[in-house]
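Take the given structure of chain A and dock chain B to it, following the hints.
Protein chains in written order, with this note's numbering: chain A, 1 to 137; chain B, 1 to 167.
It is worth saying that the hints were derived from the structure and are not from the lab. Since this is a predicted model, take the numbers as computed values, not measurements. Among these hints, one or two may not hold up.
[Unchecked claim] Some, not all, of what chain A presents toward chain B, calculated at C-beta under 10 Å:
| id | residue |
| --- | --- |
| 1 | Thr6 |
| 2 | Thr7 |
| 3 | Asn8 |
| 4 | Leu18 |
| 5 | Ala22 |
| 6 | Tyr29 |
| 7 | Thr80 |
| 8 | Gln94 |
| 9 | Glu98 |
| 10 | Thr115 |
| 11 | Gly116 |
[Stated by the list, open to error] Pulled a few chain A residues facing chain B out of the computed Cβ check, cut under 7 Å:
| id | residue |
| --- | --- |
| 12 | Trp11 |
| 13 | Ala14 |
| 14 | Leu15 |
| 15 | Ile16 |
| 16 | Ile21 |
| 17 | Ala23 |
| 18 | Thr32 |
| 19 | Gln119 |
The beta-carbon is built from N, C-alpha and C at its ideal position, and this holds for glycine as well.
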Amino acid sequence: MAAQKTTNRKWLIALIALVVIAAILAAVYLITRPNAAEGEKTVTVKVVHADQSEKDFTYETDDEYLGELLLDEELAEGETSEYGMYITKVDGEQAVFETDGAYWALYENGEYASTGADQTVLDDGDEFSLVYTKDAS
Amino acid sequence: MKPDLRELTEMSILAALTFGGKVAMASLPNIEPVSLMIMLMTVIYGRKALYPIYVYVMLEMLVYGFNLWNLVYLYIWLFLAVPAYFMRPVQGRLPWAILSGAFGLLFGLLCIPVYGAVGGWHMVISTWISGIPYDLVHGVSNFLIALAAFVPLRRLLEKLRSRSVRV
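For reference, chain A alone in the conformation it holds in the complex (with noise of 0.2 Å):
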């Protein structure tokens, strides 16, 4: 009876462990989110399409990511994955890596995006680009 109680007791320990766990993985990254700015800001996205064509997209929004600005805007289509946001369509063109090895690269002013679209943070005057692009292997 007593090794019992001392088991689950173990046991409860475990489980208190696994939720200071949790909150650690939370506060990292909480604290280390890029902070939004607010207010009104415009930005404008230009969309590489497979035949090289290209389309400007200038919005004024509210948003503070630039994934909730595509999906808002309908310019672009995403799944949620393990890294944020996999943009899969794009001003009605669908990259397909599994079939062919292409996807929607993200820009931001310029440079390859180091973040997803659900974690690039809009600031006035940005520059962004999508450009569909094909995996050379």
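Frame of chain A; chain B shown alone:
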């Protein structure tokens, strides 16, 4: 360590069920039955569980191709199977839910060796941090799935094994 014909058949079915279960739940990001199945296979087959685990990994590679995330699969399930192997005598629901939950929470961290080798520290940190919400979902869903299903499924599999005729 060599499985007999009956075990081989059972293991093949369990590996296929693991893969099928994962595909069936693919629309729910990071909610998966694989962790539950790995723990079940380990308590039922002990060290022989490595066979169905790696049949499952092979199925992943055959269907999705050999790439970064299934390179992780080559070792990551061992972080669940090895503790499960030593926990085999444990009967309660809570300990198994804790093990499965902890594995889900730490999944992103356990991917670090591969991401570090591919993209260096910058990639490790950015990939791990951006994946934290998904690790949290993974941890909570693993905990709940194991809490609800591990003990009944373990009993069922043990009962089926004791009933079946040895070939």
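* Enumerate the violated hints, using their earlier numbering and listing them in ascending order. => 1, 8, 15, 17
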